[in-house]
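Position one of the sequence shown corresponds to residue 602 (our numbering), numbered consecutively onward.
FYI, nobody ran anything at the bench for these hints, they're computed from the structure.
Treat the hints with care, as some may be off.
With a Cα cut of at most 30 angstroms, we get these calculated DSSO-like pairs of lysine-lysine [as the list claims (entries may be wrong)]:
1. Lys1207 - Lys876
2. Lys1311 - Lys1109
3. Lys1077 - Lys1117
4. Lys1077 - Lys1228
5. Lys1080 - Lys1117
6. Lys848 - Lys933
7. Lys1125 - Lys1080
8. Lys1207 - Lys1109
9. Lys1207 - Lys1125
10. Lys1088 - Lys1117
11. Lys1166 - Lys1109
12. Lys743 - Lys724
13. Lys1077 - Lys1193
14. Lys738 - Lys937
15. Lys937 - Lys876
16. Lys1109 - Lys1077
17. Lys1109 - Lys1208
18. Lys1293 - Lys1279
19. Lys1080 - Lys855
20. Lys1293 - Lys892
21. Lys892 - Lys753
22. Lys1311 - Lys1117
23. Lys738 - Lys848
24. Lys724 - Lys855
25. Lys1109 - Lys1125
26. Lys1109 - Lys1228
Simulated DEER-style distance windows between Cβ atoms [unchecked claim]:
27. Pro908 - Asp1086: 38 to 46 angstroms
28. Ser965 - Ala1225: 58 to 66 angstroms
29. Pro1123 - Ala783: 37 to 45 angstroms
30. Asp1282 - Glu944: 52 to 60 angstroms
31. Asp717 - Glu1185: 54 to 62 angstroms
32. Arg1189 - Ala783: 54 to 62 angstroms
Even for Gly, the Cβ is constructed at its ideal location relative to N, Cα and C.
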Amino acid sequence: MIPVRVFRFSRIPLALTCVAIVAVLLIASSGRADDGVRADDQTYRAAMADAVRNAANEFLPSVVTIEIIGAAAGGEGEVEQDAPTSGVIVDDDGYVVASSIVAGRPSAAILVVLPDRTRHAAKVVARDQHRDLVLLKIQTDKPLRAVTLPDKLDVQVGETTIAVGRYGADMSPMVSTGVLSAVERLEGIALQSDARVSAALYGGPLIDLHGNLLGVLIPAVAKGGAPDATSWYDSGIAFAVPADVVKQKLDRLKAGEEINRGLIGIVPKSDDAIKAGTELAAVRMRSPAEKNGLKAGDEIVAVAGRPVTRFQQIKQILGRYDAGETIKIEFKRGEKVDAVEIELVESIPPLQPQRLGVIASEASVQNSDADTADEQASSDEDTADEQVSSDDDTADEQSSSNGDTAGDDSDADDASGPQTDDGPEERIQLVVDAVVPGLPAEGALESGDVIVSVDGAEVTEVQALRRRMVSAEPDKPLKVVYQRDGKQAEVALTPATIAGDVVTDVPKAWTERSEKEWTISPLKLPDVGNTAAFVHPDDSEDLRQLGMLVLLLNPGDGTPEETLKSWPNLARDHGVVVVAVAPEADERWRPKEIDVVTRMAASVLKKLSIEESAVAVAAQGALAGGKAEAADSMVLAVAISASETFFGAAMSAQSRPPAVRLRENEADSSLQVLLPIKTEDDLPTWGTTLKKVGYPIVLGGDTDEATLLKWVRLLQMI
């Protein structure tokens, strides 16, 4: 249900609203304000109030309220009336643009309330899923005043913005002001303002002081930024689809065409989109990228005619395109630059994450030590170049992955790695630390081997190889070139799927037990009410490749310290730090605590030597015989919403699915889910849904604490 509360800028006369908000505009005001006005503070305030009021009044006749009647609520079959949002009349023939939340759930009716307070039944004409917009149509004999949509938007970062909406039975005007803080946010689709907006303002216009329409407010969130589309309510962040883009898409929406984001299917090598470099770690199988010959190891040099040096730039450009549109991709392979025209698609087959069964790390070596490996990798790439169209070594990745902060072309990182002032340049190599028994790499690779390339693409980074394997095509052998004792060799390995029976065999080196006791210590964040504690080794211990399990407690389960009393020896023996977190309230977990759990995990990661990809969140319902409770649902909410922190989630198969926006599993932050079941016949309905969007389901069987901890530490396996 859309959250509604009394907020500082609503349900008061518009003139008073304008005066109340002027004080905060003295510094963050439009660059167009006359400098002479600033000299007289009182005069300036009055002038700004008049400007805001006049601009808002110009648009209010085109602003409507959207009411949703009889929306389904949760899984118990009840219905309720959602709180109203706003909309904008874009055509005097009865067309209204609103935010996607008005059509997010089945409902008995959608009503458009005009400024004269008359209600009119609306039908959904079409949705723009890419930009979180919906086009509604009403039938009325009343004259309607439509906004003018510009052909081209002219905006300046720093100028004053005004969010306009209506609220309540009396259609009270709502106004919130701020400055335009960024453009091309949310991977190229939105303007950003620091105006404080509520869900009731979504669908309303964002305008400037001169009465120009800038965009339509949407309830969008960045990747991993919130559990649902309204969670940035009144947070000082507002997003709006540019008005010229709305105009460009309007005819398609009027024709009933659904608009979806265009996907290409490329996977970046780097886990930092801002970092210099555009090399691909993989491409999605059966994706447009694969069909047009792009391969792992290719370097993207331009997109739609615009040069790119960072992956963030690629995402910013691609993010503007819809499914069905064609884009030109220029890429470098070896010393040759080529180009392809690629038609983007609405969907790509989901991930089926694979693995070789190795624990690996990066090691820095001098160039002279790496020459042999480099020459061999180069040779492999040259051979593969001759088979661009026939090579099938592609893999999966949602092109929507990664964050939404634009990069700068300047100050590019030195791609060749660190270099000393008076010594040879250093390079990074990928070293096998251990091989997991029973998986494809056993008997083929050994501890100390250096992995040089996979199917002709050089690999030097752990995360790049992980993405390659998560995106790998099932049952397809991969040619792995490696170096052992200074000599090159190669082996064909067919990866194994992550889904299926849980792996409980660990590398031999991990079976060596430490005799030192592990400690239970309290864990506290200064600004939250949740209590927490963690089991950990002494800080002086040099333990590497540890895992971390964040255990969410049920309301009323006791203190975290009490819960952890039985865990120290288990945690030590299996090399997994265990963090127990209790809910703030005695009766339930709340959505806002998703951020608290994530921050607790981040706090422990900073304290200890923990492998960042071996971090999981779980509830005690994940253990055999456990029952589904509130913590189990919270586990899934945390894991999906904070996918860049948690790579595993374990809970009861009887858990009730949480009300979070389900995202497709992604190669750069692939999540696996462990359930205490023995066969896929025992999968819950929501488990089948997770599989369909690329989340591997691990069958834990009679999961006990030891099995759970082994699984957590093995999350780092590639």
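Results of checking the hints against the structure:
1. Lys1207 - Lys876: holds, 22 angstroms
2. Lys1311 - Lys1109: holds, 13 angstroms
3. Lys1077 - Lys1117: Violated, at about 44 angstroms.
4. Lys1077 - Lys1228: Roughly 39 angstroms separates the two Cα atoms, so the pair is violated.
5. Lys1080 - Lys1117: violated, 42 angstroms
6. Lys848 - Lys933: With Cα atoms ~36 angstroms apart, Lys848 and Lys933 exceed 30 angstroms; violated.
7. Lys1125 - Lys1080: violated, 48 angstroms
8. Lys1207 - Lys1109: holds, 27 angstroms
9. Lys1207 - Lys1125: It holds: about 14 angstroms lies between the C-alpha atoms, which stays within 30 angstroms.
10. Lys1088 - Lys1117: Violated, because 40 angstroms separates the two Cα atoms, which is more than 30 angstroms.
11. Lys1166 - Lys1109: It holds: about 28 angstroms lies between the C-alpha atoms, which stays within 30 angstroms.
12. Lys743 - Lys724: holds, 17 angstroms
13. Lys1077 - Lys1193: violated, 43 angstroms
14. Lys738 - Lys937: At roughly 52 angstroms apart (the allowed maximum being 30 angstroms), Lys937 and Lys738 break the hint.
15. Lys937 - Lys876: holds, 23 angstroms
16. Lys1109 - Lys1077: Roughly 28 angstroms separates the two Cα atoms, so the pair holds.
17. Lys1109 - Lys1208: holds, 26 angstroms
18. Lys1293 - Lys1279: Within the cut-off at roughly 20 angstroms; holds.
19. Lys1080 - Lys855: The given pair, whose Cα atoms are some 51 angstroms apart, is violated under the 30 angstroms limit.
20. Lys1293 - Lys892: Given pair Lys1293, Lys892 holds - Cα atoms ~22 angstroms apart, limit 30 angstroms.
21. Lys892 - Lys753: The given pair, whose Cα atoms are some 34 angstroms apart, is violated under the 30 angstroms limit.
22. Lys1311 - Lys1117: Holds - the C-alpha atoms of Lys1117 and Lys1311 are around 19 angstroms apart, at most 30 angstroms.
23. Lys738 - Lys848: Roughly 16 angstroms between the alpha carbons, so the hint for Lys738 and Lys848 holds.
24. Lys724 - Lys855: holds, 12 angstroms
25. Lys1109 - Lys1125: Not satisfied, since the Cα-Cα distance of roughly 36 angstroms exceeds 30 angstroms.
26. Lys1109 - Lys1228: Given that 30 angstroms is the threshold and the Cα spacing comes to 34 angstroms, the pair is violated.
27. Pro908 - Asp1086: 38 to 46 angstroms: Given a distance of about 43 angstroms, which is inside 38 to 46 angstroms, the answer is holds.
28. Ser965 - Ala1225: 58 to 66 angstroms: violated, 44 angstroms
29. Pro1123 - Ala783: 37 to 45 angstroms: holds, 40 angstroms
30. Asp1282 - Glu944: 52 to 60 angstroms: Given a distance of about 40 angstroms, which is not inside 52 to 60 angstroms, the answer is violated.
31. Asp717 - Glu1185: 54 to 62 angstroms: violated, 45 angstroms
32. Arg1189 - Ala783: 54 to 62 angstroms: violated, 36 angstroms
Hint compliance for this structure: hints 3, 4, 5, 6, 7, 10, 13, 14, 19, 21, 25, 26, 28, 30, 31 and 32 are not met, and every other hint is.
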